[in-house]
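Enquirer: Given next are the chains, with one letter for each unit.
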Amino acid sequence: MEIIKTATAGSLESSDVLVTVHKADDLEIEIDSTVMAQFGRQIKNLVEATLEQMGVSAARVVVEDKGALDFILKARLEAALFRAAESTDYSWNRGGAS
Amino acid sequence: MEIREIYLNLKRDVQKVSDFYARFNLRLEGDVDYLIAVYENDVIAGVGGCAGNVIKGVAVDESFRGANLFGTLISELVSRNTACGYGNTFAFTGPCNDKYFLASGFRKLEDSSGKVSLFEKDKKGIDKYLSSLKPVPGERVAAMVVNANPMTRGHEYLVRTASEENSVVHVFVVSEDRSLFAADVRYQIVAQTCAQFDNVYVHHGAEYMVSGMTFPTYFLKDSDDINQIYTILDARIFGHYIAPHLGITHRYVGEEPLDPVTAAYNRTLQQVLPEFDVEVCVIARKKYRDEVISASRVRQYIREGRIEELEAFVPQATYDFLSSDDAAEVIAKVRQSDSRH
Numbered sequence: 222m223e224i225i226k227t228a229t230a231g232s233l234e235s236s237d238v239l240v241t242v243h244k245a246d247d248l249e250i251e252i253d254s255t256v257m258a259q260f261g262r263q264i265k266n267l268v269e270a271t272l273e274q275m276g277v278s279a280a281r282v283v284v285e286d287k288g289a290l291d292f293i294l295k296a297r298l299e300a301a302l303f304r305a306a307e308s309t310d311y312s313w314n315r316g317g318a319s
Numbered sequence: 606m607e608i609r610e611i612y613l614n615l616k617r618d619v620q621k622v623s624d625f626y627a628r629f630n631l632r633l634e635g636d637v638d639y640l641i642a643v644y645e646n647d648v649i650a651g652v653g654g655c656a657g658n659v660i661k662g663v664a665v666d667e668s669f670r671g672a673n674l675f676g677t678l679i680s681e682l683v684s685r686n687t688a689c690g691y692g693n694t695f696a697f698t699g700p701c702n703d704k705y706f707l708a709s710g711f712r713k714l715e716d717s718s719g720k721v722s723l724f725e726k727d728k729k730g731i732d733k734y735l736s737s738l739k740p741v742p743g744e745r746v747a748a749m750v751v752n753a754n755p756m757t758r759g760h761e762y763l764v765r766t767a768s769e770e771n772s773v774v775h776v777f778v779v780s781e782d783r784s785l786f787a788a789d790v791r792y793q794i795v796a797q798t799c800a801q802f803d804n805v806y807v808h809h810g811a812e813y814m815v816s817g818m819t820f821p822t823y824f825l826k827d828s829d830d831i832n833q834i835y836t837i838l839d840a841r842i843f844g845h846y847i848a849p850h851l852g853i854t855h856r857y858v859g860e861e862p863l864d865p866v867t868a869a870y871n872r873t874l875q876q877v878l879p880e881f882d883v884e885v886c887v888i889a890r891k892k893y894r895d896e897v898i899s900a901s902r903v904r905q906y907i908r909e910g911r912i913e914e915l916e917a918f919v920p921q922a923t924y925d926f927l928s929s930d931d932a933a934e935v936i937a938k939v940r941q942s943d944s945r946h
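As you go down the protein sequences, you meet chains U and G in turn.
Residue numbering for the first sequence follows our numbering, beginning at 222 and increasing consecutively.
Residue numbering for the second sequence follows our numbering, beginning at 606 and increasing consecutively.
Note that these hints are calculated values from the structure, not bench results.
Among these hints, one or two may not hold up.
A few chain U residues that face chain G, going by a derived Cβ cut-off under 7 Å, partial list only [said to hold, decoys possible]:
#1 Thr227
#2 Ala228
#3 Thr229
#4 Ser232
#5 Leu233
#6 Glu285
Restricting the straight-line Cα-Cα distance to at most 16 Å, the calculated cross-link-like pairs of lysine to aspartate or glutamate (EDC-like) are [to be verified]:
#7 G/Lys733 <-> U/Glu307
#8 G/Lys729 <-> U/Glu249
#9 U/Lys226 <-> G/Asp727
#10 G/Lys729 <-> U/Glu299
#11 G/Lys729 <-> U/Glu251
#12 U/Lys244 <-> G/Asp727
#13 G/Lys728 <-> U/Glu249
#14 U/Lys265 <-> U/Glu299
#15 G/Lys733 <-> U/Asp246
#16 G/Lys728 <-> U/Glu299
The beta carbon of each residue, even a glycine, is placed where N, CA and C say it ideally should be.
Okay, chain U solo, but in the shape it has when bound:
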């Protein structure tokens, strides 16, 4: 998946997450979370795994988390990636039950 423009998904509401994806030459991930100390590592793992599943090798991903659960973060990240790639090639089974 090729990132061609900047896109966002989500919000800054409590329990949600605002994900912004920018075009970039390599992979950069920035995370800020209200529960950074407890779950920072887990959020990073989830973002990296999702990027790999979606076939994204170059993007700057900015995650502003306000306590979102894993599936929320994944959904927001995927939405932002599709928007940033201007793609509607949804394959609903891609992630699979995990």
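For chain U, the structure is supplied; the task is to place chain G on it using the hints.
Expert: Chain G only, in chain U's frame:
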């Protein structure tokens, strides 16, 4: 809770927003492209607006505070902006709101005398801009910021003077597209004209040369000197970020006998920049037969249809553009307008 866009052509709805703002001693900014309101039980609880990619006019009613309505408004504004294709979003606000923007993931770029703060959403925004400006080593590095609407022999003279007095000169062309001549045309002409000097580098000002045209005034008092406040902000951003990155120690400006706003701008630069170890060099204007050469004079000649007479006033690149087919639209615009810009 409901988020709705306020349609700017519905006077009654716009009046409700103005009334809401009036409770906070704020005014509705004339240049907003859209306004978003958050309603609780059909009553406006908060409002926010956007002009281009600049967020303005965010206000939340006290009785609804504590529910992160601010976060809701900002999320909506940023999402809409990004969907419109803007890679970054900026916000001007009174410093009392700094903490809300910081909590919404904005980076504070600068403030001006404690009256106005400027934020950007992309925390690496200015860093990305700076990395597009390549420092050039030299014993004495100078800079100037020009609108060049259009570029005149006066601008060229200023560049030549700076080029002779310094090892390296960086010329920034204001990127705001609010002038009669389009930003890309102005930039091209400046770049072509400066090519004759081998120590002059031309750059786009991008969003970091703050223009008074987008600068908001809605939260400033009538007694505040708006021009001075935005000039201080602009000067501080230049001194804080751009000057150190490029090693700039001197900022060149042309003396301003005709336009009081620009004259005040020069004076403010002279007050603010020394704090950042940048000296301001005011160069007397070039004259042609006792007339100061200025862009506003050039536009006046265009208005009067005296384009052939402009050869003495403008560099070749400007004259070539004005004589070309591409200039027809701009010339018509100049003829119809009497704007300062």
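Enquirer: Next, verify each hint and record whether it holds.
Expert: Hint-by-hint comparison with the structure:
{"no.": "1", "hint": "Thr227", "verdict": "holds, 4 Å"}
{"no.": "2", "hint": "Ala228", "verdict": "holds, 6 Å"}
{"no.": "3", "hint": "Thr229", "verdict": "holds, 5 Å"}
{"no.": "4", "hint": "Ser232", "verdict": "holds, 4 Å"}
{"no.": "5", "hint": "Leu233", "verdict": "holds, 4 Å"}
{"no.": "6", "hint": "Glu285", "verdict": "holds, 4 Å"}
{"no.": "7", "hint": "G/Lys733 <-> U/Glu307", "verdict": "violated, 23 Å"}
{"no.": "8", "hint": "G/Lys729 <-> U/Glu249", "verdict": "holds, 12 Å"}
{"no.": "9", "hint": "U/Lys226 <-> G/Asp727", "verdict": "holds, 14 Å"}
{"no.": "10", "hint": "G/Lys729 <-> U/Glu299", "verdict": "violated, 23 Å"}
{"no.": "11", "hint": "G/Lys729 <-> U/Glu251", "verdict": "holds, 11 Å"}
{"no.": "12", "hint": "U/Lys244 <-> G/Asp727", "verdict": "holds, 13 Å"}
{"no.": "13", "hint": "G/Lys728 <-> U/Glu249", "verdict": "holds, 13 Å"}
{"no.": "14", "hint": "U/Lys265 <-> U/Glu299", "verdict": "holds, 15 Å"}
{"no.": "15", "hint": "G/Lys733 <-> U/Asp246", "verdict": "holds, 13 Å"}
{"no.": "16", "hint": "G/Lys728 <-> U/Glu299", "verdict": "violated, 22 Å"}
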